[in-house]
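Enquirer: Construct the complete structure from the given sequences, taking the supplied hints into account.
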Amino acid sequence: MKKDLILLLTTAAFILLGCAQYSGEVNAVASAKDYSDDRILTVLPYDAIPAITNPEFVSANEAKLAADSPVIGVSFKGESRAYSIHLLNGHEIVNDEVGGVKIATTW
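In terms of mature numbering (1 follows the signal peptide of the UniProt record, and there is no 0), the sequence shown is residues -20 to -1, 1 to 87.
Certain hints may be false.
[Unchecked claim] Cut-off 25 Å, straight-line C-alpha distance, at most; resulting in silico cross-link-like pairs (DMTMM-like, lysine to aspartate or glutamate):
{"hint": "1", "residue 1": "Lys44", "residue 2": "Glu72"}
{"hint": "2", "residue 1": "Lys44", "residue 2": "Asp76"}
{"hint": "3", "residue 1": "Lys44", "residue 2": "Glu59"}
{"hint": "4", "residue 1": "Lys82", "residue 2": "Glu72"}
{"hint": "5", "residue 1": "Lys82", "residue 2": "Asp27"}
{"hint": "6", "residue 1": "Lys82", "residue 2": "Glu36"}
{"hint": "7", "residue 1": "Lys57", "residue 2": "Glu77"}
{"hint": "8", "residue 1": "Lys57", "residue 2": "Asp76"}
{"hint": "9", "residue 1": "Lys57", "residue 2": "Glu42"}
{"hint": "10", "residue 1": "Lys44", "residue 2": "Glu77"}
{"hint": "11", "residue 1": "Lys82", "residue 2": "Glu59"}
{"hint": "12", "residue 1": "Lys57", "residue 2": "Glu36"}
The set of hints was computed from the structure by calculation and includes no laboratory data.
Expert: Structure (structure tokens):
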């Protein structure tokens, strides 16, 4: 069970590092353009997507996720969490506490 969680969190870390590198490349290209006159389009009303404020966790074996399901992993002061990207697609934000520190995980 602990090995599964470590594997899951390690995979998430590699995904996040890859995304961060790719994001930097995209930002370098995007920064050359001026979007200051573009309108902001709002497609959903304010607070239309509720945050998860009291997340409940299960072990990796009970999570009902495929081994290759994408997650965002957080480890701090001996505590670890894995947040399913599939779940975050519907909520976009989880307010939680890891290792005694309040965090917001967003997608």
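Enquirer: It remains to establish, for every hint, whether it holds in the given structure.
Expert: Results for each hint:
1. Lys44 x Glu72: Holds. Lys44 to Glu72 sits at ~20 Å (cutoff 25 Å).
2. Lys44 x Asp76: holds, 21 Å
3. Lys44 x Glu59: holds, 21 Å
4. Lys82 x Glu72: Distance of about 17 Å is within 25 Å: holds.
5. Lys82 x Asp27: holds, 21 Å
6. Lys82 x Glu36: This hinted pair holds, its Cα atoms lying about 15 Å apart.
7. Lys57 x Glu77: holds, 11 Å
8. Lys57 x Asp76: Given pair Lys57, Asp76 holds - Cα atoms ~14 Å apart, limit 25 Å.
9. Lys57 x Glu42: Satisfied, since the Cα-Cα distance of roughly 24 Å is no more than 25 Å.
10. Lys44 x Glu77: Holds - the C-alpha atoms of Glu77 and Lys44 are around 23 Å apart, at most 25 Å.
11. Lys82 x Glu59: Answer holds: Lys82 to Glu59 is near 12 Å, not above 25 Å.
12. Lys57 x Glu36: holds, 19 Å
In the structure shown, no violation is registered for any of the earlier numbered hints.
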